[in-house]
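*Asks:* Take a look at the letters that make up each chain.
Protein chains: 2
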Amino acid sequence: MRILVTGGAGFVGSHLVDILVEDGNSVVVYDNLSSGKPHFLQHHLDQGSPVEIIKADLLDLDTLKENMLGIDIVFHLAANPDIRLGTEVTDTDLKQGTIATYNVLEAMRLAGTKKIAFASSSVVYGEASVMPTPEDYGPLFPISLYGASKLACEGLISAWVGTFSLQAWIFRFANVVGERGTHGVIFDFIHKLKNDPTRLEVLGDGNQAKSYIEVRDCARSMYHLVCTTDAAINYYNLGSGDVCSVRRIAEIVVEESGLPEVSIEYTGGSRGWAGDVPLASLAVDRMKDSGFTPTFDSEGSIRHTARALIEEIGLHD
Amino acid sequence: MRILVTGGAGFVGSHLVDILVEDGNSVVVYDNLSSGKPHFLQHHLDQGSPVEIIKADLLDLDTLKENMLGIDIVFHLAANPDIRLGTEVTDTDLKQGTIATYNVLEAMRLAGTKKIAFASSSVVYGEASVMPTPEDYGPLFPISLYGASKLACEGLISAWVGTFSLQAWIFRFANVVGERGTHGVIFDFIHKLKNDPTRLEVLGDGNQAKSYIEVRDCARSMYHLVCTTDAAINYYNLGSGDVCSVRRIAEIVVEESGLPEVSIEYTGGSRGWAGDVPLASLAVDRMKDSGFTPTFDSEGSIRHTARALIEEIGLHD
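Chains as they are written, first to last, in my numbering: chain A, 2 to 318; chain B, 2 to 318.
Hints in this document: simulated from the structure, not taken from any laboratory.
Take the hints with a grain of salt, since some may be wrong.
Because identical chains cannot be distinguished in the list, a pair is counted as satisfied if it fits within a single copy or across any two copies.
When the alpha-carbon atoms are kept at most 20 Å apart in a straight line, the in silico EDC-like pairs for lysine to aspartate or glutamate are as follows [claimed, not checked]:
1. Lys66 to Glu89
2. Lys115 to Glu89
3. Lys66 to Asp92
4. Lys38 to Asp137
5. Lys66 to Asp24
6. Lys38 to Glu266
7. Lys96 to Glu107
8. Lys193 to Asp286
9. Lys289 to Glu107
10. Lys289 to Asp137
11. Lys56 to Glu136
Chain A with its partners taken away, still in its complex shape (with noise of 0.2 Å):
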């Protein structure tokens, strides 16, 4: 198959990458590299893998539509990669989301492109009544901007299904940790150790918990099933099936970081910052039952991540 991914030099997007050329995919990465890295792709272009790079932006739409052209089906996984961000610059998830996501799909429509697989978020969810949250859970009042930006994106791709005849994949994503991690709490921490080695500030009570998925695993999960699932709408949380918590992520991190000795230190409340989501389990029972079953637990994708990243980031250089 023909294949575009956007965020394709992202952090899932490269790692998706990899998992489309192993198959024997062709694949077009439609990327601005605002948070995406070529050298996430480089060894692609090394080994002439057939890897394109198109390094634009999804508001350009013009640009858009000449690249899909003779696509077969479309991993859309571009967006803001920073759900913070959101409670300082509020429209953000607007354009890089909602809009950018039109956009996707009326490229789409105009080129004949019927497939289209879309990297949502649990954030969809909001403060659930119901843990571990099911794909069918309702009602949907995310929290957060970028929330919100997910469930718009979700509403556009499924009214391009009931109005253009669409087929498409909606997955879910826990939060997402691993190699090539270029944000997120595991990241922070790492920064956080490397500017200061003797104590690691947690913002929250280090209550906070979520369902965690190692990014290699989330990659193999969306392939898996757009190849093995067929209805109009297929819909998927993808995570490790259990939760870990902020304050184990920084014992985690600090035991791995080896410095002897770091006080962790909470800034204190439920919530890291306005937005945040207190507890997020994921239900993940369809993935399952899908026959897809991830490598790693919440826990272990958390050290497993600590280990690459510490080695990307370098802490003790």
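For this one, chain A is given, so just place chain B on it according to the hints.
*Replies:* The following block gives chain B in isolation, referenced to the frame of chain A:
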């Protein structure tokens, strides 16, 4: 209270303004008059009611910000009124719905206005597998671009509640019918009969069945719920609790028309158009439990509306 009503010169908006004025509120109508009509509000101007009309678009954020100062609560009703437009021009609902709602919320944030009541729609449920559909139904996969926009607006509102401490009322309307109607099936049927009093073409097989609510019932229920509920997000289906088929609507319009011989003809198919929902039945137990009882059931709403619109449109002149 000083209340801003977006779309306040429109079909539902003008009835809501009547209710708000009757209860002693001061009202700022914000309407671009694209489908709203100043004569729907003329009686307030004639009587010297505390109603001010601002002719401006919600996409004009500066004007919106100016008019938001000193507002206690926004009733946000403005939207593209014709759900079927989405199949031709695909960005109407994105702009007039989603981006316009973002502007309303941003203007509220900047002005310190803390309460919003929003006219959402039962179309957020898409083709629900549970009928009558309760408010906590999931997943929310709308099939029209209009529905996608309503879902996006709900998400934006819930994100502003979660991030900036707004308080919200989300009302998912059944099909609203009544005096001053400017679109919709009854309106269309009467205009068709005006053009040709011998035959009435019905889109689809006529078995599409939906919940209806009379417009003044709709406006009264919104105001009742805003005055009597106080959660961070208060969300209610608004309807009359039963359904009426398009076939029955056609029969009622023909009966009320008094025309002696009308041949009702069906174009066939279970949907009136791409994005139409064959069956939409809303559970309104929560609305009724709040102490509000609508005056009309679905069929009563239709007959009342047919009479009023035949008079307004002038079928016999």
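*Asks:* Now look at each hint and say whether the structure bears it out.
*Replies:* How the hints compare with the structure:
1. Lys66 to Glu89: Between copies, since 18 Å is at most 20 Å while 32 Å is not.
2. Lys115 to Glu89: Between copies only: 18 Å across, 36 Å inside.
3. Lys66 to Asp92: between (24 Å within a copy, 16 Å between copies)
4. Lys38 to Asp137: neither (35 Å within a copy, 41 Å between copies)
5. Lys66 to Asp24: neither (26 Å within a copy, 53 Å between copies)
6. Lys38 to Glu266: neither (32 Å within a copy, 60 Å between copies)
7. Lys96 to Glu107: both (15 Å within a copy, 14 Å between copies)
8. Lys193 to Asp286: Classified as neither: same-chain Cα gap 36 Å, cross-chain 52 Å, threshold 20 Å.
9. Lys289 to Glu107: neither (33 Å within a copy, 41 Å between copies)
10. Lys289 to Asp137: within (16 Å within a copy, 25 Å between copies)
11. Lys56 to Glu136: neither (34 Å within a copy, 43 Å between copies)
Violation of the numbered hints given earlier is confined to hints 4, 5, 6, 8, 9 and 11; the remaining hints are satisfied by the structure.
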